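Q: Please take these sequences and the hints and turn them into a complete structure.
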Amino acid sequence: MKIKLVKTKKLEDVPKILREKSKEVEKITPQILDLIEKMKKIMKENNGVGISAVQVGRLLRIMIIKVGDKDMAFINPVITRLGKEIVPYREGCLSFPGYYIHIKRPQDVILEATTEDSKEVEVKTDALPARAIQHEIDHMNGIVFRDHAKNQDDIENHVKRLLQNIRGR
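Letter by letter, the sequence shown follows residues 0 to 168 of numbering that gives the first Met the number 0.
Since the hints were made in silico from the structure, they are not lab data. Some hints here could point you the wrong way.
[Stated by the list, open to error] In silico DSSO-like links for lysine-lysine, alpha-carbon gap of 27 Å or less: (1) Lys-1 to Lys-22; (2) Lys-83 to Lys-103; (3) Lys-37 to Lys-118; (4) Lys-9 to Lys-103; (5) Lys-65 to Lys-20; (6) Lys-43 to Lys-3; (7) Lys-65 to Lys-37; (8) Lys-40 to Lys-9; (9) Lys-1 to Lys-26; (10) Lys-20 to Lys-9; (11) Lys-65 to Lys-123; (12) Lys-37 to Lys-8; (13) Lys-40 to Lys-65; (14) Lys-1 to Lys-37; (15) Lys-40 to Lys-1.
Quantities reported herein were computed from a predicted structural model and do not represent experimental measurements.
A: Written out as structure tokens, the structure is:
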């Protein structure tokens, strides 16, 4: 199975598939395991900290998250707890290369999921892995990171700053 990263050059041009909701994985098959390996490779090639199956054109509830030096696959993930502390962070997305938006998210999460070796796990994490988990679950629900911008001005100001940096002003 050949896959590639779904991406766009314009923040306002959201590929249609990124607006669709992903379906649960019913069974971990050799095809699912192959997809997971290819997702890990694409994430690594693009220096990502997370990727969801929808970002490679598959509407399945699968994500890869970098936790320390490991790329961990989570199948049918569900956030069971969000921390109370909300922190802003300059967030990017592999599907929108070069764009970053300040987004406020809970600092820590508890996640339940199935691993690629069919184990049920509960993961407690904070900082960047927690943010990546929330970002990728958004993808599975048809939400992209630009949807979190407070308003259109946030996006326009970001684009203006990018253009100024490119022009050297």
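Q: Now tell me, hint by hint, if it's right for this structure.
A: Verification of the hints:
1. Lys-1 to Lys-22: holds, 20 Å
2. Lys-83 to Lys-103: holds, 12 Å
3. Lys-37 to Lys-118: Satisfied, since the Cα-Cα distance of roughly 20 Å is no more than 27 Å.
4. Lys-9 to Lys-103: holds, 22 Å
5. Lys-65 to Lys-20: Holds: Lys-65 and Lys-20 sit about 23 Å apart, inside 27 Å.
6. Lys-43 to Lys-3: Between Lys-43 and Lys-3 the Cα gap is close to 13 Å, so the pair holds against 27 Å.
7. Lys-65 to Lys-37: It holds: about 15 Å lies between the C-alpha atoms, which stays within 27 Å.
8. Lys-40 to Lys-9: holds, 24 Å
9. Lys-1 to Lys-26: holds, 20 Å
10. Lys-20 to Lys-9: Holds. Lys-20 to Lys-9 sits at ~22 Å (cutoff 27 Å).
11. Lys-65 to Lys-123: holds, 14 Å
12. Lys-37 to Lys-8: Between Lys-37 and Lys-8 the Cα gap is close to 23 Å, so the pair holds against 27 Å.
13. Lys-40 to Lys-65: Given pair Lys-40, Lys-65 holds - Cα atoms ~12 Å apart, limit 27 Å.
14. Lys-1 to Lys-37: holds, 9 Å
15. Lys-40 to Lys-1: holds, 12 Å
Violated hints are absent here; each numbered hint is respected by the structure.
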